[in-house]
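Chains as they are written, first to last, in my numbering: chain A, 279 to 731; chain B, 279 to 731.
Hints are computed from structural coordinates only; laboratory data are not their basis.
A hint or two may mislead.
The list treats identical chains as one, so a pair stands whether inside a single copy or across any two.
What the hints assert, rightly or not - Listed next, the in silico SDA-like pairs over lysine to any residue satisfying Cα-Cα at most 25 Å (straight line):
1. 691 <-> 536
2. 659 <-> 591
3. 482 <-> 447
4. 482 <-> 356
5. 291 <-> 356
6. 638 <-> 303
7. 691 <-> 631
8. 482 <-> 453
9. 482 <-> 355
10. 482 <-> 443
11. 291 <-> 619
12. 482 <-> 472
13. 691 <-> 499
14. 482 <-> 469
Values in this document were obtained by computation on a predicted structure and should not be read as measured data.
2 protein chains.
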Amino acid sequence: MDISQEAPSERLKTLVATDPDAIDGYLATLSGAEVVRAMFRLESAERHAILRVVEPETAAEFIEDVPDEVAADLIEALPVEDAASIVTALPSHEQADVLAEVEDEDMDRILGAMAPESAREARELLGYDPESAGGLMVREYLAFGAGATARDVLEELTSGVRDLSPTLLQYAYAVEPDGTLAGVVRTRDLVAAPPESAIGSLMKRPTAVNAEADLATVDACLEESEVLSLPVTDDAGRLLGVVEREHVDDALVERASDDHLKSQGIVGGEELRSMPVAERSGRRLSWLSVNIVLNMVSVSVIAAFEETLAAVIALAVFLPIVSDMSGCSGNQAVAVSMRELTLGVVGPRDALRVWWQEAKVGVLNGLALGVLLGLAAWAWKGNPALGAVVALALALNTVVAVSIGGTVPLLLKRLGADPAVASGPVLTTVTDMCGFFLVLGIATLALGWLQPV
Amino acid sequence: MDISQEAPSERLKTLVATDPDAIDGYLATLSGAEVVRAMFRLESAERHAILRVVEPETAAEFIEDVPDEVAADLIEALPVEDAASIVTALPSHEQADVLAEVEDEDMDRILGAMAPESAREARELLGYDPESAGGLMVREYLAFGAGATARDVLEELTSGVRDLSPTLLQYAYAVEPDGTLAGVVRTRDLVAAPPESAIGSLMKRPTAVNAEADLATVDACLEESEVLSLPVTDDAGRLLGVVEREHVDDALVERASDDHLKSQGIVGGEELRSMPVAERSGRRLSWLSVNIVLNMVSVSVIAAFEETLAAVIALAVFLPIVSDMSGCSGNQAVAVSMRELTLGVVGPRDALRVWWQEAKVGVLNGLALGVLLGLAAWAWKGNPALGAVVALALALNTVVAVSIGGTVPLLLKRLGADPAVASGPVLTTVTDMCGFFLVLGIATLALGWLQPV
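Here chain A stands alone, though its shape is the one from the complex:
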């Protein structure tokens, strides 16, 4: 399979150098996934050359298939006219998503080079949070006055004039002269209705979502109404667009994956290796440099116990283990809390209940891990007191770690911080400090039993 995948990128390399006009035709023979894979195997100069020579529609199809931040990077690197025609060729909800990730200055230049009407629509959509109903909606839909007949709707539907997705063809919306959404009709019900009946007499009360509604709310509404799309309205009830389940699901997949990357310190939740090295390095470093300062804070606990360490040098071996194992236990609790937050099973107010459920697991796992490490320490140095010190320290710190890991995401959420980004650093800093303090503090108390006689 991999061997056959090797070919398209090589072919593109050849075409870009020898026969650029043939690229459009060649890309049309590949699947979307093949185009993405092939394009990312090229050098960035080749990728730019291709985006400049192909038709804007071809470029837009590729841009649609890559994450928004990557799309923005690709677009920014192009001359502004090329960028503007590609953005214009994108579906309306994608335009705003990509432009939102472009630097403000470039965004203004690109919007300036677009047709005024397209630019105005894109600016309007840019006003919405990309994860809100307004940010996810498309502006294309079937809308009629309440006096239009079933025949009118079916004629427009079957004429093929309107290039709507299969989902958007399922519903027609009845709209008042002032733009207020009055009702919704399933187009398949129109088939069975008398051709001259007015859609005002066939329509049902619509379930609509407000343009400001967030991703979870839109998802829940779609789930509840068991429909494939919902009309989006403003506060006055005017129809603004339609949000499709497909785009909501895409946003949910994107968010789950972003959270994973953010939790590992990929700022913004998005990186592909096709981005410039300096940018990749800088984004990762911004998180790492916060982390290294936090690390220095936690190891200051070790520095305070230098005498104990000098007396029992073997303790130095156990500090990284206690730090790493507590971090692992705590991160498991963080991951479960993030999952439960996403599922809506817990909210910020459940911190106490979550703590209690984590504490129980912490005691069991702390005992098991503590005994294991204690026995290993005893066996290594033949000193049962050393075993007892590290066993007790790891057991206690495991309880601390899961307690913090379980509750910190909920508390961060309550404070309005992004739990995916901040939970890890908060967790490891506190558990490291506490773990070092427990190992060295207990060792200091037990110094008489620890030192060789």
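Start from chain A and add chain B according to the hints.
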């Protein structure tokens, strides 16, 4: 908002104790998300009591909304007759998903208590990987002989006899007498066709997916054909079912979130705090105990340098920092590789290219972090040699960490292992060993400059 959410679980507590017959009616007034949140706020005994008294359809709606592993746990705890009626009430593709997570013994008992026809269908679906086209498909669809007329199809469609989802109503499939899929017709095209025309004359060649096709393939096919559902066939081309984009998207969201949990050592990728404590503890511990053994292996490097440590006790402070920072840098690279694997931008054969792209970032970030740590060490002990040792060690180990972090997921994938589970432990073990060796090895060489005169 949280205050109003408090009510349903309290209400359910009261109803289960005083008026169990009213629970069905009460649950019907709540949204799916509200039911899930309320149910998970109850004690497990209360949850079971509710699942036993409500109608199987009500229970099935709730079971559908929770992750499969959790659903399986809930089902297993019920008497087998209750479990069987709830499973029967689930949509066909959900039945197999939930049963696949149930213990084998319980699965046989539940299937034994189901109606023979339902049990046979569920067993058939259980034969497929839950993330394959066969595992995702539903068995309900509109199929006709090629001789059926447009009128026949539209009559069945508008009769409302078939309770199909809006997606499934969009296509009718023409099937040969032996079950082979012959073609597909869009139901909305039938509206415009002469009522007596045979669907054999209207149908198009269908794009079908094989039942064994994996999630990525099915997703790519849906993406390419721009349809909401695809027919699923066996190797002989016989129509087995229909896979809907909605279920594929759900599976993708589930997988992204599972990968995140697995990478933190939640075995199986699924845990909710409603599961029994012993089970939660055991699953987490199985990963932690592998990790602690790997940790002992890595710190054995420190043990081998006890003399150097005894001579320069300040080094003990830097070992956890180098270990933690290298782990962070490496995990960023792992996260980006996991993301690129999911997007299909890289494959196992791209390891060398990925390594080179990571190495560049590693050199930049290693220098930045090394200099930062080195200056801190110099400032703390007033010893520039100490600063130089830790700076060099951290810089080199950062390059090692991102090289391993970027390539290990690709290599694990090639070996057929799950990169989400195994990348972290492999990464931290190797980078810890290497980091400890670099700090203490370089320090041993530079011992003359490090020791106080």
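The hints, checked one at a time:
| no. | hint | in the structure |
| --- | --- | --- |
| 1 | 691 <-> 536 | both (16 Å within a copy, 21 Å between copies) |
| 2 | 659 <-> 591 | both (11 Å within a copy, 19 Å between copies) |
| 3 | 482 <-> 447 | both (17 Å within a copy, 20 Å between copies) |
| 4 | 482 <-> 356 | neither (48 Å within a copy, 41 Å between copies) |
| 5 | 291 <-> 356 | within (19 Å within a copy, 61 Å between copies) |
| 6 | 638 <-> 303 | neither (62 Å within a copy, 35 Å between copies) |
| 7 | 691 <-> 631 | within (16 Å within a copy, 39 Å between copies) |
| 8 | 482 <-> 453 | within (12 Å within a copy, 36 Å between copies) |
| 9 | 482 <-> 355 | neither (48 Å within a copy, 42 Å between copies) |
| 10 | 482 <-> 443 | both (22 Å within a copy, 19 Å between copies) |
| 11 | 291 <-> 619 | between (46 Å within a copy, 23 Å between copies) |
| 12 | 482 <-> 472 | within (17 Å within a copy, 30 Å between copies) |
| 13 | 691 <-> 499 | within (23 Å within a copy, 38 Å between copies) |
| 14 | 482 <-> 469 | both (16 Å within a copy, 22 Å between copies) |
Going through the hint list in order, the structure does not satisfy hints 4, 6 and 9.
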